[in-house]
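Novice: Here is what each chain is made of, one letter per residue.
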Amino acid sequence: MNIFDRMMSLDRRWVFLFLAVVCVITYIVDFQIPIRVESEVRTIHEFIDTLKPDEIVFIAIDYDPNALAELHPMCYAVMEHCFRKDLKVIITALSQNGPGMAEQAILDISDSLKLDREYNGILYEGREIRKGVDYAFLGYKPYFALVILGIGQNFRLPFPTDYYGTPLDSIPMMQGVQNYDQVACVVDLSAGNITDAWIAYGQGRFYFPLALGLTGVMGADYYPYLNSGQVFGLMAGLYGAAQYEELADNPGLAKDGMRIQVYAHLVIIFFILIGNVGYFVSRREKKRQGR
Amino acid sequence: MRRQIPLALVFIFGVFMIFQYFVPHESSEWIYEFLLDWIYIIGIFALALGIWSLIRVSVAKIKARKADWEYPVITLAGLFLMILFGFTGYRDGSLGFHFMTAEGLSNPMFRNFFDYIMIPIQSTMFALLAFFIASAAYRAFRARNILASLLLVAALVVMLRFNPYLGPVGTIIADTASWLLNVPNLAAKRAIIIGIGLGMVATALKIILGIERGYMGKG
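Taken in sequence, the protein lines are chains A and B.
Positions 1 to 291 (this note's numbering) are the ones given, in order, by the first sequence.
Positions 1001 to 1219 (this note's numbering) are the ones given, in order, by the second sequence.
To be clear, the hints were calculated from the coordinates, so they are not data collected in a lab.
Don't take every hint at face value.
[What the hints assert, rightly or not] Cβ pair distances, simulated, as ranges: (1) B:1154 - A:27: 25 to 31 angstroms; (2) A:228 - B:1111: 37 to 43 angstroms; (3) A:3 - B:1188: 36 to 42 angstroms.
[Said to hold, decoys possible] Coverage of chain A stretches by chain B, computed from C-beta distances (three or more under 8 angstroms per stretch; other residues unrestricted): (4) 4-18; (5) 30-41; (6) 58-67; (7) 159-173; (8) 266-275.
In this text the structure is predicted, and so the values were computed from the model without any measurement.
C-beta: ideal position from N, C-alpha, C; glycine also.
Bound conformation, chain A alone (with noise of 0.2 angstroms):
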């Protein structure tokens, strides 16, 4: 076996260890590396950035922890944004492990608001989010579908109660809300197929606008909707998350990570160039050989 056959045929363990070895450094060594934003991402910074303090903006968060790597900085970033525009938001967790995610993203977001930051020139005082005035979680309830239909009647109808148990009524920010007519746009946070609910039930019956953010591989599946305008914005994976922390100014898991996924991708494009030139000389000397 010459060395093009070995380049060919490597044992995959050392596929392993190099993409090992390369995401602990990249994960060691702090460095940033800059981001260049697409529009499909600027879209939804730009409508969440252009709304009126106390308008509403509901927050889907549709991801178990398995795609917590790719969702929870969207999540954090799109999230401390809203609070910080002074937007209401509501949430709701479709996926049965999403209440958890949820949690603790309110949990994180309340201490970073906390603290005086200063994003894109403008120093946002810090300040603490009261549940039931500047946010409502209502939990998760099955059946995605069903409840995505029930809250074009009512919010009230899938979730009586939030997910502490207050019924909606008495929570103040909750009052005079009814559907999605009284919400400025949906935020879907989704690593699952509740996304194809989210705009065959919600955005296609009731037209509310409707923005993804989805995990890298499902990021392809929904351009044909951001196309039709059916979706008015996209991020998809790590590096959606990173674009959206881009514009708001506010470095976090995402860019950390990006750093990180960069190099990875760059390890598996020398394997796959490794692989193709074994190929290639391979075939030529056998074909040589045949002659």
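Dock chain B against the given chain A, drawing on the hints supplied.
Specialist: Positioned in the frame of chain A, the structure of chain B alone reads:
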């Protein structure tokens, strides 16, 4: 009769759900909301059935000491512990059982089990994918023919689109990736989506009209 009643029910409710979509009348909305409630009620029975089934299968496996019988023990322990934590919490400073209220959510063990067991387990499983994808990409992305070469080039362009170290070439790659996603990808996906949509309409009509009866357990 045992077959006719379910068929009639499916027909009546199926036709009604189509009808009410186009008729935003108060009474049709009321029936629609009523039916949504019914689906939840049926769902609760399905949940109970699911838990019962899980317990039955796990207990049978443990009793028979089948291979890997230890795993069902952990499954059952997890199930009952989370139920226990979810129903216990502090009210007025004292620990107790609280059904139908939210005290369990503030139980630190309920939170800790999720934060320190569930999240790491699921995140780890997902993170392992990176290694398998790297290995699969190395083996699968070979330019063996024109179609495989197109796939390889498209994959490289999309992967490189957010690489900041490519200078002016990076902009060309980003634009190409954007074109790939917005034109060929979109065309193919749209065709698939329309195909699936038409298939769903056809299947729904077959079920409503009683042609497709697989849901009754006998094809």
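Novice: Now tell me if each hint is right for this structure.
Specialist: Quick rundown of the hints versus the structure:
no., hint, verdict
1, B:1154 - A:27: 25 to 31 angstroms, "holds, 29 angstroms"
2, A:228 - B:1111: 37 to 43 angstroms, "holds, 41 angstroms"
3, A:3 - B:1188: 36 to 42 angstroms, "holds, 39 angstroms"
4, 4-18, "holds (count 4)"
5, 30-41, "holds (count 5)"
6, 58-67, "holds (count 4)"
7, 159-173, "holds (count 3)"
8, 266-275, "holds (count 8)"
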